[in-house]
Amino acid sequence: ELKVEQNPLFLSMQEGKNYTIYCNYSTTSDRLYWYRQDPGKSLESLFVLLSNGAVKQEGRLMASLDTKARLSTLHITAAVHDLSATYFCAVDITSGTYKYIFGTGTRLKVLA
Amino acid sequence: DGGITQSPKYLFRKEGQNVTLSCEQNLNHDAMYWYRQDPGQGLRLIYYSQIVNDFQKGDIAEGYSVSREKKESFPLTVTSAQKNPTAFYLCATSPGRVRNQPQHFGDGTRLSIL
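Line order of the protein sequences matches chains E and W.
Okay, so the first sequence: first residue is 1 according to my numbering, each after it adds one.
Okay, so the second sequence: first residue is 113 according to my numbering, each after it adds one.
Honestly, the hints are just simulated from the structure, not real lab data.
Bear in mind that the values here come from a model prediction, so they are computed numbers and not experimental data.
Note that the Cβ used here is the ideal one computed from N, Cα and C, for glycine as well.
Treat each hint with caution, since some may be false.
[Claimed, not checked] In the BS3-like style, the derived pairs of lysine-lysine whose C-alpha atoms are separated by at most 25 Å in a straight line are:
| no. | chain 1 | residue 1 | chain 2 | residue 2 |
| --- | --- | --- | --- | --- |
| 1 | W | Lys169 | E | Lys99 |
| 2 | W | Lys195 | W | Lys126 |
| 3 | E | Lys3 | E | Lys68 |
| 4 | E | Lys99 | E | Lys3 |
| 5 | E | Lys109 | E | Lys17 |
| 6 | W | Lys195 | W | Lys169 |
| 7 | E | Lys41 | E | Lys99 |
| 8 | E | Lys68 | E | Lys99 |
| 9 | W | Lys121 | E | Lys41 |
| 10 | W | Lys169 | W | Lys183 |
| 11 | E | Lys56 | E | Lys99 |
| 12 | W | Lys182 | E | Lys99 |
| 13 | W | Lys169 | E | Lys3 |
| 14 | E | Lys109 | E | Lys56 |
| 15 | E | Lys99 | W | Lys183 |
[Said to hold, decoys possible] Quick list of simulated restraints, FRET-style, between CB atoms:
| no. | chain 1 | residue 1 | chain 2 | residue 2 | range |
| --- | --- | --- | --- | --- | --- |
| 16 | E | Met62 | W | Ser119 | 33 to 43 Å |
| 17 | W | Lys126 | E | Ser51 | 49 to 59 Å |
| 18 | E | Lys56 | W | Ser134 | 29 to 39 Å |
| 19 | E | Ala69 | W | Asn212 | 14 to 24 Å |
Construct the entire structure; sequences and hints are all you get.
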């Protein structure tokens with residue numbers, strides 16, 4: 001069974017602190033995506049990681065991909081309140097279907 | 113502007129009633145998807161379509177039906193067989209044959225039972 005697991009599921013952190021969200025997946029894929037969802041809103045694309053060793057950064061967020069370990073990380077540097085949201089990773093299945101498998105999501109709350 | 117339009121934003125269903133959620137896109141994307149999201153939960157795939165006049169069941173297709181008569185449109189019908197329809201429904205698209213692209217999401221429809 002194809003699985004995409006994120007941890008932690010919930011994360012409460014102080015402003016200014018660093019933390020990492022992990023995304024493990026069980027299928028062969030070299031395409032992984034990170035999304036952000038604000039409460040009551042839709043999903044917004046954050047990062048597209050397309051090869052082993054890919055690293056993308058935007059502001060205080062940095063995402064990386066290790067296809068050999070089937071692991072992606074989303075690192076938060078010096079968190080600010082505006083980063084409070086739910087973060088999802090998703091894997092693009094390599095087979096012939098255009099199907100994406102989503103992780104369970106990590107609900108992040110940054111405390112002032 | 114290119115994008116995905118979901119309507120209505122809020123929908124209420126009575127017992128025994130079928131309701132249809134609309135999803136229209138002008139991104140010229142081949143693939144379209146419907147997801148269900150329950151409060152505090154992740155996304156679960158209901159149906160997806162890779163091409164016009166073809167669609168596949170996702171993980172939770174029971175009680176739902178779809179059609180894909182034209183590229184731009186992928187309506188979802190929540191039938192009376194779906195006993196617990198209250199959820200946030202998200203429509204998404206992807207280019208399909210052009211890989212290496214994330215999905216694009218509509219703003220969602222929130223469905224509740226009256």
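- Those earlier numbered hints the structure runs against, lowest number first: The structure breaks none of the hints.
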